[in-house]
Amino acid sequence: MTVSANYDAIAKCNKCGFCHVACPIFRATGHESGVARGRLALLRGIIENRVQWNEEMEDPLFTCLGCGACTTNCFGAVPTADLVLEARAEYLDKVGKKPAHRLLFEHLLPYPKRLHAAAKAVALGKNSGASKVANALGLLRIFGRDLPKAEGIVEKLPMSSFRGTIKPGVYPGKGKDLRVGYFVGCGVDVIQVTAGKASFEALKETSKSVTVLENCCCGLPPWSYGDVDNTRKLAAKNMKIFSENDLDVVVTDCSSCASFLKKYAKIFKDDTALDPAGQKNMPKFQDMVEFLSGKSDTKEGDRESQDVGSYYDPHSAGLGEQVASRGENSPVIITYHDPCHAVRGQGVKSESREILKAMKGVEFREMPEADWCCGGAGSYALTHYDLSQKVLDRKIKNLKKTEADILVTSCPACMIQLSYGIRRHGLNTKVFHISEIVEHAKDTAEV
Amino acid sequence: MITETFVQKMEEIVGASYVRKTGADLELYSYDASLVTGRPGLIVFPATTEEVSKVLKAAHDHGVPSVARGFATNLSGGTIISDGGLVISLSRFDEILGIYPESRYAVVQTGVTNLELQDALSPLGLFYAPDPASQKVSTIGGNVGENSGGPRCLKYGVTSNHILGMQMVMADGEVVEIGGPAFDPPGYDVRGLVVGSEGCVGIVTEITVRITPKTESVITMLAVYDAISDAAKTVSEIISTGIVPNTLEMMDNTIIQAVEKGGPCGYPTDAAAVLIIEVEGVAVGLKEQAEKIREICMATGCRDVKTAKNQAERDLLWKGRRGAFGAICNLSPNYLVNDGCVLRTKLPEALERVKAISDQYGCPVGNVFHAGDGNLHPLLMFDSRNEAEVEQVHKAGWDIMAVCAELGGTISGEHGIGHEKQDAMSMVFSGHDLNTQQNVKLALDPSDLMNPGKIIPLPPEGSDRLPDQEPTILKRPGGKDATGVSEAIEAIKQAKNENRAIRLAGSGSYNGMGNALTAEPVSINSLQMKEIIEYDTENQFITVGAGMSLMELQEKLAENNQWLPIRPPFCKPESTTGGIVAMAAVGPERSSYGAPRDMLLGLQYIDSNGQMVSTGGKVVKNVAGYDMTRLLTGSAGTLGLITEASWKIATRPEACQLASAVGSLEACATVAAEVIASNLLPNSVTAVQQNGDWQLMVGFEGIAGVVSYQIEQCLGLMSKAGLKDGAHRDYPVVEGCFTEIYATLEQQPFVAQSEVALGKVSQAYQKIEKICSPEAALIDFGCGRIFASFSSLDTTQWDNMNNVFSGAQGHGKLLKSTDDFRKGNDVYGLKKSEWQLTHMIKSALDPEGVFSPGALPGRA
Ligand SMILES: Cc1cc2nc3c(=O)[nH]c(=O)nc-3n(C[C@H](O)[C@H](O)[C@H](O)COP(=O)(O)OP(=O)(O)OC[C@H]3O[C@@H](n4cnc5c(N)ncnc54)[C@H](O)[C@@H]3O)c2cc1C
Ligand code: SF4
Ligand code: SF4
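If you read the sequences in order, they're chains A and B.
If you read the first sequence in the working numbering, its first letter stands for residue 1, the second for the next number, and so on.
If you read the second sequence in the working numbering, its first letter stands for residue 1, the second for the next number, and so on.
Source of the hints: derived by calculation from the structure; they are not laboratory data.
Being a predicted model, the structure only gives us computed values, none of them experimental.
Restricting the straight-line Cα-Cα distance to at most 25 Å, the calculated cross-link-like pairs of lysine-lysine (DSS-like) are:
#1 B/21 <-> A/390
#2 A/94 <-> B/21
#3 A/176 <-> A/208
Given these sequences and hints, build the entire structure.
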């Protein structure tokens, strides 16, 4: 699709400027190229021949986090993130695609095993300090100029991937009749393995069976680079897997994957081969947060939500002393970060609060600007390190205000970024996936 | 012209990454929220005042024009500079520098958004009153630039009423501090002039704003109408009963549809119009007020009045209102928003004519506006991709401005003139008025480099002045034809011909003020100008000749249970209203009712050429052009002879009562601070000496029940703090309760008046006592003021006192002193850098120095 095809949507922007307040990039740079109004103005400039396709368009198009905050603040709900994303494709086409991206999108992401191997090589290199291996592999370099600076973002990589330990296949659960497919996102698979394990346990709790899927990347990364072809390929692979397994619902503990899976229907609606609505045997998609809250119904209307009312023991989070030092019976202070892909991508917001507030031993404190992007935005932190850190600094400043012991979220990319910020600012706060919190609480309850 | 060298210079100053110049960059800075566009030549992002100063100095040296840019949400093309000019983006000035609750002010950098400031103040129980619908995304600097208003301004006034001072960089890079935490600095009201100057006189980097405690209670109502004219009737009716709601916002059916389409906010989509009416204040009596409003609504054809049950419902109503402009995109891609103001009673007629214009040009219209202020916002819909539609919409916009001018209003109430309404300025001002305004701009920016070519219509080819014609549409009664004016014009011309200095006067009661003149003057007074030129009880304004005494005016207004809420100190029965304007005289009630600068809607005066100049108008909101009204207010006869003034008037309060009690000065100060910080809404908080002790006096005015409740609360606070002899009494509306102390003060040869930061007044007074013991004093806690009289005063003492005033972030002046003293001293005390601006303006408007030469602060 070309930019001109979106002329109507772009022209709907009346330059009121209301998006300025919410755009993390604008608030970090103060430059009009970093805000929806500006990005749209340039697209309109292209259509109306005032602006040319050249490198000057790279920053305005690629500094967008795709967080969607602008749209929430826009009365016309101009879908800037989508419009920018589509324009990226034309940019890459007209101004040049970086071959490095193609390597990732075409050769790594469609193949979980190759990804595992690559990650393992990086892990070896990284954990042993020999990041030369990583460099040699080229994986860390493919993201471009900021990568050397960004290398410290991921603290440690597990030696074994999630699906290296828990092999794809069907596992029995404790529930009545719900058949769940567990979609393992790349981040959980190779980095947040512990979170994956917690999710896996939690899924088993209320379903008859949990199928660990042999899915590949959901397609969001190439989509964010405007690479429709590769997105299509990845989606096709996944759809095939969904329809082959007999499932009621596919759940993922990566909010980015969840929102993108839910988007398949919209993105591929003119594509009979890919439109989920046209497929046989297609399950529903759910974010782990929704699943845990039991709020958003699957076909099993009577499915119970997880028992999260149990006591949260600070020891399970390694917070024993920290919390004890605040005085007797003081609760663990928990706050929540809304991943963009949960709050705006899927409209999932209250569920997480309900889960956390229901736990005993927890004091939930709302973080200011909890739904602001953390600057992680997939590989954004790797490609635009400085900018992403500015966005992150604002997030950490807000986190500090809550004095939270634990910061919970539901997206592995956010977890990486937030943990990095916490390390850099020397805070004690621990970052957990919401599945981990639920597991912690349950463990204790069972003791 | 922007040369390579200039670009390099910029890069040296702000760093290469903060200088942008690619084609994409220029496109990005070629627009704002208006329809005006134009590509600049370069954009810089300075981070400090020093960088701004260097940038402007370099621009000045290279002859590069520049424009300051906040978040560019203005609706008049204020931030557009074409032909290769420089955009100075202030987005990096994003810090709140300090909040001082005890002194009721905050200092912010210019790029802080209005809402960020509100969010920082809210936990402290405070707020900053101006609340443009764009508050989320408009910067305080931009608000200052445009003199922005908002729903709440009906009760609290616009930006200009809440700006205490600023740091400003002049066109040549010089940095000046203007005003500060203390009220009413001596010299011309430069901060008043800067507010609304649309970046045309300098770049503001830091702003000192006045902050206000939140009120105890608020009630928000939604009144629903089947006819828009009924809603307009309600508005007039409410105001004329003397209730001043916070807001009286109207939305018509088109807007309701647009908003509800974007997301339900609780407006009935079948209503012809709704009014959002909000009242706030002490909880006692508020329900009754709301009930009274409901009765008025129902009596004027309202279908139904709903009251928001909780904060969430209230927020939802406001969300819809604040988002109304944006919501238009649910109906049409673009809109042109008009911003004219008319008298409230003319609203139905104005709306009808707007509708006719919309039909004529085929641009659909929706109306959402500040009905209480008569400030229309017709939103004309079109698609900016269609050139024919663009042309039609501009024509329709022009005609709507003409209608507002014809109905006695103005072309812009809060959005500013910029490029978009520049030519329409001739509808409401004469060529000479406009040339005078341009003179003021050029006085401060002689090379015309600050946002040039804005606000004032461009002169015809080959000339640098506009032809001297009358306003093309607005008819201003009075003026040259009012009684006594032509005689005064002649007298001024004659004196000028004879090379005589002129002292302008009213009754002469304020003659002794100001510095000693440097030439023996002839006196020309306004005493013949006693006419009532226009009195509109319903719209609550009166235009009177400057020679009419305040007493006479009050008597006239009393006939309709109205008054001018001002009780100037040392006012004599013969003191003229013109004199009060010229001296900006105001008593302790300033803290609640405001000063003359807050009550004057417009003026006419005779300038040093003997020509009439008009300023402002008669509607309560008016940002058409530079704020000449404020510039003249307090100019003490150094700029021209004020011939008439249009005042905003009010319904007389039902009751005026004073609570008083006695104790030490410290104890009184403590209680005063408590009362000021409490939920009570006192009109004045003062103390006078009484047998070696001090008597604290707190005045309350308004609805009887509310007044007596507050008196009771206040006496409670007083006795709890150990003050003795608690008592209360009524006092007369017009005279107030300070006539006695003024008379006592005046008996001495020296009377000083000082304003300092709120909360620092008693310490300052104690220091003054040590320098020279006052014979009498009035301490005004509410305004941070001291009036003190002395039997003698020498230069050293006066200098020391001024050091005390400066130490308390304030200033002082002598209202009365001996001729001898005035020969050797500046009665305005220590020299301040901002006075140079006063002198620059003075020499531009009175180049030969005919009016009271030497009288201004900072005499040689
Ligand atoms: C949807 C919408 C709703 C609005 N609602 C209202 C409303 O209710 N009431 C209202 O009054 N306005 C309203 N506006 C208009 C606009 O938001 C205001 O004029 C606002 O004050 C502009 O702020 P800004 O930061 O965007 O300033 P800008 O647009 O960047 O600048 C405005 C002017 O001020 C000058 N300026 C900016 N900063 C400085 C500085 N530091 N020193 C000197 N000059 C400076 C600029 O040169 C320019 O002339 C609305 C606009 C929109 C789009
Ligand atoms: S909020 Fe929407 S309409 Fe307004 S400037 Fe931003 S994108 Fe455009
Ligand atoms: S999607 Fe996020 S980063 Fe992109 S323009 Fe909108 S608010 Fe800014």
